[in-house]
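Q: Sequence:
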Amino acid sequence: MLFHRCHSIAVPFSPSSPPLLRWSPPCSRCPSSLFPSYISLFSFSSPPRTTIPFLSFSSVNSPAAADSEITDDFPSKQGPLKPGLYLVGTPIGNLEDITLRALRVLKSADVILSEDTRHSGKLLQYYNIRTPLLSYHKFNESQREQVVLRRLQGGEIVALISDAGMPGISDPGMELAKLCVEKNIPVIPVPGPSALVAALSASGLPTNEFTFVGFLPKHAPTRRERLMVSANNPTTQVFFVPPHKLCQFLEETCSIFGQSRQCVIAREMTKLHEEFWRGTIGEAKEAFTAHQPRGEITLLIEGVKVSEGETFSESQLENELGELISKGHSLSMKDWNPDMMFDVIEL
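According to my numbering, the sequence shown is numbered sequentially starting from 2.
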């Protein structure tokens, strides 16, 4: 008989929630006395069917079960973690992009330094990680460094994460890593998601060489000088642009790069509304002037096309040299900076 072949099944459920198991009898003639102990677990809401019954399961949201899965030690060939500063890459949008090694480090650390504890708390809660969080951002870096340094010198495992991506890349972490190197404290990278690499790989622009600029300076003259250097660079230029400054950025790049240069605007990467906009800088200016997009933006611009053997005329060099002098740069050897000459040649 069919019932004779059935195996016993344990179904965890919460008394406060409806049962997750649905069962339909093979026919209306099956007496209920055959299965009295299971009557509370089965639903007879479906009409009688003559087909062979089947059991369908939905995932059980059991905190205990989920906790045992996530917090068990992750298998690793590296063995126990050694003390030191771990720079851990975190998702740039999709929480599933975190690595198993990152989860293991975050679980095993004595403390996690976080740019925004509320933001990072959501990630840790999602993976049932209970390691203590300590705020570490650009406004308290100098105050935290000595405290963290003492903990590291005491043999603790300290993990550093940013809101998204790798710490130290346009985010806090560079100074702490530098300090640890000076004090011979191990600095261990735990590679993870990167908006820079993600946008570059999917951009369709040359990836063999590129220049990562990151966020531009707030000071207008300094920002313009940096854009002039990028405009005359033959490699793909990669910028981080806040959404509320996109129109200003496109306005400035149009006047410096020219309207015909190809660009890619990547936003909301790995999220539900991920978008890769492609076109010229001039077209981008028209497209985004009317509305301000949401989400962090990674903007890429193709490098300048330099013909082989192209040289700069004497008058062109004189004009650029005059512009540097007008900006207050000195020509005396005492104040000479070789980078100034490279800027002149590039321009």
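Please keep in mind that the hints were generated in silico from the structure rather than gathered at the bench. A portion of the hints provided could be inaccurate.
Taking CB as the label site, the calculated pair distances span [what the hints assert, rightly or not]:
id	residue 1	residue 2	range
1	P190	E210	18 to 26 Å
2	K306	F213	16 to 24 Å
3	N129	E226	24 to 32 Å
4	H120	K219	20 to 28 Å
5	E183	H120	26 to 34 Å
6	R295	E253	19 to 27 Å
7	W278	E183	38 to 46 Å
8	V305	D98	18 to 26 Å
9	V305	L96	22 to 30 Å
Derived DSSO-like pairs (lysine-lysine); straight-line CA-CA distance at most 27 Å [what the hints assert, rightly or not]:
id	residue 1	residue 2
10	K83	K246
11	K139	K286
12	K139	K179
C-beta atoms are modelled at their ideal positions from N, C-alpha and C, and glycine is treated no differently.
Q: Decide, hint by hint, whether the structure agrees.
A: Hint-by-hint comparison with the structure:
The beta-carbon spacing between P190 and E210, approximately 23 Å, falls within the hinted interval of 18 to 26 Å. Our hint of 16 to 24 Å for K306 and F213 holds, since their Cβ atoms are close to 20 Å apart. Taken as a hint, the range 24 to 32 Å is violated for the pair N129 and E226, whose Cβ atoms sit roughly 49 Å apart. For the pair H120 and K219, the supplied restraint of 20 to 28 Å holds, since their beta-carbon distance comes to about 23 Å.
Evaluation of the 26 to 34 Å hint for E183 and H120 yields a pass: the beta carbon distance comes to about 30 Å. Checked against the hint of 19 to 27 Å, the C-beta distance between R295 and E253 comes to roughly 21 Å, which is consistent with it. Taking the beta carbon of each, W278 and E183 are about 43 Å apart, inside 38 to 46 Å as hinted. Distance hint check: the CB atoms of V305 and D98 are about 34 Å apart, inconsistent with the given range 18 to 26 Å.
A hinted range of 22 to 30 Å for the beta carbons of V305 and L96 is inconsistent with their spacing of about 39 Å. The suggested pairing of K83 with K246 is violated, with an alpha-carbon distance near 43 Å, which exceeds 27 Å. Distance check on the hinted pair: K139 and K286 sit about 32 Å apart at the alpha-carbon level, beyond 27 Å; violated. For a cut-off of 27 Å, the pair hint linking K139 to K179 stands: about 15 Å separates their Cα positions.
Taken one by one, the earlier hints fail for this structure at numbers 3, 8, 9, 10 and 11, listed in ascending order.
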